[in-house]
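J.: Here is how the chains run, residue by residue.
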Amino acid sequence: MRLSTIAYYFREAFYSVLRNSWLSVASIGVVAVSLLILGSSLLVVMNANKIAENLESSVEISVFLQDETTPEDIKELEAALRSLPEVAELKFVSKQEALKEMQENFGEQGDILEGLEEKNPLPDTFRIKTQTVEQVVPLARELAAYPRVDQVRYGQGVVEKLLDLSRWVRTAGLVTMVLLAIAAVFLIATTIRLSVFARRKEIGIMKFLGATNWFVRFPFLLEGMFLGLAGALLAVVAVYYGYQSLVKNIQVSLPFMQLVTDHSLLVPMLEGLLVLGLALGALGSLISLRKFLNA
Amino acid sequence: MIQLSGVTKIYPNGVRALNDVSLRIRKGEFIFLVGPSGAGKTTLMKLLYREEFPTKGQIIFGGKSLVRMRPREIPYLRRSIGMIFQDFRLLPQKTVYENVAFALEVIGASKREIRRAVPAVLEMVGLSDKAGVFPAHLSGGEQQRVCVARAIVNNPVLIIADEPTGNLDPETSWELMKLLDDINLHGTTIIMATHAWDIVNHMKKRVVELVDGRIVRDEEKGVYRHEA
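Going down the list, the sequences are from chains A and B.
Per my numbering, the very first residue in the first sequence carries number 570; after that it's consecutive.
Per my numbering, the very first residue in the second sequence carries number 398; after that it's consecutive.
Don't take every hint at face value.
As the list claims (entries may be wrong) - Here are the simulated SDA-like pairs of lysine to any residue, each with C-alpha atoms no more than 20 Å apart in a straight line: (1) A:770 with B:485; (2) A:770 with B:453; (3) A:770 with B:559; (4) B:443 with A:777; (5) B:453 with B:408; (6) A:770 with B:476; (7) B:443 with A:769; (8) B:491 with A:573; (9) A:770 with B:490; (10) B:491 with A:664; (11) A:770 with B:491; (12) A:770 with B:531; (13) B:491 with A:772; (14) B:508 with A:574; (15) B:508 with A:581; (16) A:860 with B:443; (17) A:664 with A:720; (18) A:770 with B:492; (19) B:491 with A:578.
As the list claims (entries may be wrong) - Restraint ranges, calculated between C-beta atoms of paired labels, are given here: (20) B:536 with A:769: 20 to 28 Å; (21) B:464 with A:841: 43 to 51 Å; (22) A:836 with B:469: 14 to 22 Å; (23) B:469 with A:734: 52 to 60 Å.
Everything labelled a hint here was simulated from the structure, so no lab data went into it.
These numbers come from a predicted model, not from an experiment.
The beta-carbon is built from N, C-alpha and C at its ideal position, and this holds for glycine as well.
Construct all of the structure, not just a fragment, from the sequences and the given hints.
T.: Dropping the structure here:
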């Protein structure tokens, strides 16, 4: 293909975008919104997965002991627990230590717990980390049956809820984005149809002058791809800067929340959005061209 | 060069535009296609550039069957045919130069080829000084000469002209005919549908007369109509 022909394609596509400026803006807008939603839900999913991973690695089993457990019983139990192959870490927290920990957690309001030293309601506790996350549930069940054990707790429910949330966001985001993508494709198809209509006389002349179908089509295809890419670019810029300011705010107000800031994860996602925008635009124009430029 | 054998064209609405037409066109001929409106002149020409497809019969163009031609070959057929219409069909937003260059652009010619060919044909049709003018600022005769320039710029073997003088006054018509005759003398075959009897009578070319979709007369050095 000659350079002058390529230049011709781009020139014609550019003029078409300007000629239908309002519809072009609308098409770009719909593409931008649908990809913005896709990008945001992808970010939520990525972060939910990361938080779930962190939580999983920090899941502990807390084994609360009965009130009247003697130090001998505790020693015996500790030995038994240590011998279990699933146990990776074992820590004993006495009633007094538990209370101190709680006071620390309350910080400045810690004085409301004052006076509890006399009649400490907190139990002695073993904290156990398992070798793998999968061992948490079965081990917890087993431990509940041990003598002197009052209650067994573990954070598994939270992890499951978080994974549920991530799955839900993924589905809802995907459905919304698919619907909006369909709308975007049809809006682009309409824009291209108007472009074709505005230039039907020129197209007729091109055809009797011996232009190939692809020569006639290409500027319109390019126009659609431009609309898709422009929308995607807007979405990418919005997602990128929106997310950065979110990360900055969260790092100040919720410092324990670890968000995904890894560029090797974020950049491919943003690139994917651009490619998707381009594809939506191309699809929209091809739908129009199939209908209106057949031989 | 062109051979129509038993060609019948019936449009989807049932109109029988051509009825068992056979015609042979040799290279370098100048043919006037005459006959009343609706006799099938335009249909016959549309069949030649595959704008229409014959219902029955065979058309051979330069050794190739137009009936069996695939859609993607059509553009290349049309590049060997120059077309001139009564209503000019120029692009109003392009200058004279750009309109002629357009014929080369759409077939993917290089900038250099365009810069070489366009001034030459504008010179030939006598419009060198109007290259930068828009069609709206030209007279009818000048606009038609732009169409001629556009039709010949990529050296077609055949020129199809559908009532090219239909919108022109007699004097401009004659200038156009001189131009076409010149092009014909250089070896380009010309088929021209017309109602201009004085032109036909004066130029003494081959005349093919159609009535109701049939060829009723085909004679060398013919005239527009034989008086009864």
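J.: Decide, hint by hint, whether the structure agrees.
T.: Comparing the hints with the structure gives:
Simply put, residue 770 of chain A and residue 485 of chain B have alpha-carbon atoms about 12 Å apart, close enough for the 20 Å limit, and the pair holds. Pair hint residue 770 of chain A plus residue 453 of chain B does not hold up; C-alpha atoms about 30 Å apart against a cutoff of 20 Å. With a CA separation close to 18 Å, the supplied pair residue 770 of chain A and residue 559 of chain B stays within the 20 Å bound. Using a Cα cut-off of 20 Å, the hinted pair residue 443 of chain B and residue 777 of chain A holds, with the two alpha carbons roughly 10 Å apart.
For the hint pairing residue 453 of chain B with residue 408 of chain B, the CA-to-CA distance comes to about 12 Å; that is within 20 Å, so the pair holds. For the given pair, residue 770 of chain A sits about 19 Å from residue 476 of chain B by alpha-carbon distance, which is consistent with the 20 Å threshold. In summary, the hint linking residue 443 of chain B to residue 769 of chain A is supported, as the alpha carbons are separated by about 19 Å, within the 20 Å threshold. For the suggested pair residue 491 of chain B and residue 573 of chain A, the alpha carbons sit about 17 Å apart, so the restraint of at most 20 Å is met.
For the hint linking residue 770 of chain A to residue 490 of chain B, the alpha-carbon distance of about 12 Å falls within 20 Å, and the restraint holds. Among the hinted pairs, residue 491 of chain B with residue 664 of chain A is inconsistent with the structure: their alpha-carbon atoms are about 92 Å apart, more than 20 Å. With a C-alpha separation of about 13 Å, the suggested pairing of residue 770 of chain A with residue 491 of chain B holds against the 20 Å cut-off. With a C-alpha separation of about 17 Å, the suggested pairing of residue 770 of chain A with residue 531 of chain B holds against the 20 Å cut-off.
With a CA separation close to 14 Å, the supplied pair residue 491 of chain B and residue 772 of chain A stays within the 20 Å bound. For the hint pairing residue 508 of chain B with residue 574 of chain A, the CA-to-CA distance comes to about 9 Å; that is within 20 Å, so the pair holds. Distance check on the hinted pair: residue 508 of chain B and residue 581 of chain A sit about 17 Å apart at the alpha-carbon level, within 20 Å; holds. Restraint check for residue 860 of chain A and residue 443 of chain B: not satisfied, since their Cα atoms lie roughly 23 Å apart, outside the 20 Å limit.
Taken as a hint, the residue 664 of chain A and residue 720 of chain A pair is honoured in the structure, with Cα atoms around 15 Å apart against an allowance of 20 Å. Simply put, residue 770 of chain A and residue 492 of chain B have alpha-carbon atoms about 16 Å apart, close enough for the 20 Å limit, and the pair holds. With a C-alpha separation of about 16 Å, the suggested pair residue 491 of chain B and residue 578 of chain A falls inside the 20 Å cut-off, and the hint holds. Our hint of 20 to 28 Å for residue 536 of chain B and residue 769 of chain A holds, since their Cβ atoms are close to 27 Å apart.
A hinted range of 43 to 51 Å for the beta carbons of residue 464 of chain B and residue 841 of chain A is consistent with their spacing of about 49 Å. Residue 836 of chain A and residue 469 of chain B have their C-beta atoms about 41 Å apart, which leaves the hinted 14 to 22 Å range violated. One distance hint, 52 to 60 Å for the beta-carbon pair residue 469 of chain B and residue 734 of chain A, holds here, with the actual separation near 54 Å.
Checked against the numbered hints above, the structure breaks hints 2, 10, 16 and 22 and satisfies the rest.
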